[in-house]
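Work the whole structure out from these sequences, hints included.
Letter by letter, the sequence shown follows residues -6 to 336 in the numbering used here.
These aren't lab readings, by the way, just hints derived from the structure by calculation.
The list that follows gives simulated cross-link-like pairs (lysine-lysine, DSBU-like), each with its CA atoms no further than 35 Å apart:
hint	residue 1	residue 2
1	K253	K42
2	K42	K251
3	K258	K321
4	K332	K251
5	K332	K321
6	K262	K42
7	K152	K321
8	K42	K258
9	K320	K22
10	K22	K253
11	K331	K249
12	K229	K321
13	K260	K229
14	K254	K320
15	K210	K332
16	K320	K249
17	K249	K229
18	K42	K152
19	K254	K336
20	K102	K320
Label-pair distances were calculated between CB atoms; the ranges are:
hint	residue 1	residue 2	range
21	K262	R23	32 to 40 Å
22	V99	R6	18 to 26 Å
23	I327	K205	27 to 35 Å
24	K262	K336	24 to 32 Å
25	I257	K102	37 to 45 Å
On a predicted model such as this, the values are computed, not experimentally measured, just so you know.
Glycine is no exception: its CB is placed at the ideal position from the N, C-alpha and C atoms.
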Amino acid sequence: MELFYDILKQLIRIPSVVGEEHPFFMFIKRELEEIGVTVEYYDGVLVAKGKEPNSGYISAHADRHGLICTGHNEFQYAAFIAKNKADLTGDSNSEQLLHNFTARFVDEKVQAYEPWSGNYLGLGSIKDAYLCQRRNNILFKIDGFDYLFPGTPIAFTDKLEINGDLISAQLDNVISIAVIIYMYTAGYQGTAFFTASEEAGRSWRFLMEWFKRFDIKTDELLVLDTSPYPTLEEIKNIDIVMRNRDSNAVFRSPLKNKIKKIAIKEKIKYNFKDNYLKAKMAKNGTISSLGTTELGRLIYATKGEIQGTTLQIPTIGYHTVHETTTKKSVESIITILKKIYIK
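The structure is reproduced here in structure tokens:
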């Protein structure tokens, strides 16, 4: 797994604020082209193709949460500024967390970068974060960024921390990107998608556009991501997370049973997130969303012409630079992918 962690450490250092992913896309492009993978760049999606592009379709979103300068000394949470939030519906995990997590940002170090070249523009520190009810967004006070122009992305500075069998960083969703690149080094020859603006609810549109562009239909799209849980105890008892459905659509794909069979055979502990959420609602006597996913939106919008399933890494500390998972989870995902795609 040393190669995997080398890839992940590098990726974490490259900023990829939602809506401003271009420098990160260029880094992925170079890494893949160096190992002989063909890479095509379309609006909102980077597409990698091995020697047998129809042998698999794996997708992961490339954006991470961060801030955008929106005026003189004014900084807002990037996913929820007006230009990004047209597709947000109110029931995503990100939106539900919006009211609860302002305090966690204080004293975090952030770096500004030029959105096209990725050039480093300086380092700052968050001094305060508060929810502005009028704009329904988090506003930040940052020391040292009074020279930035509106539209400048600001990423959280981050590095991978390994503590025993736990790994921590802003893992969502750079860890899935690292898994895909690692899979190409291990012999994966199918297609992979790296999508933009998932945290703003827009990535499914870019993915749908690609499939329509080439008139391709599939019921075996596999979407990789992280999945939040409340306690470390819970994620230590779950290696992988799947879904039968989300709030938008039922996932109908032969991949789901393939993954389940491999998990049982390899003694990989799995959890279905929709069942988990339903059980939680029944226990608490509450009704809430089953969550929205990129895949669910895509299935719904294409009326099932694109179908698939999700494979997720359970984490705690969701949407922070201290998001944590277990090494066992990462190894389990890679084991499953190798069994499915590498003969």
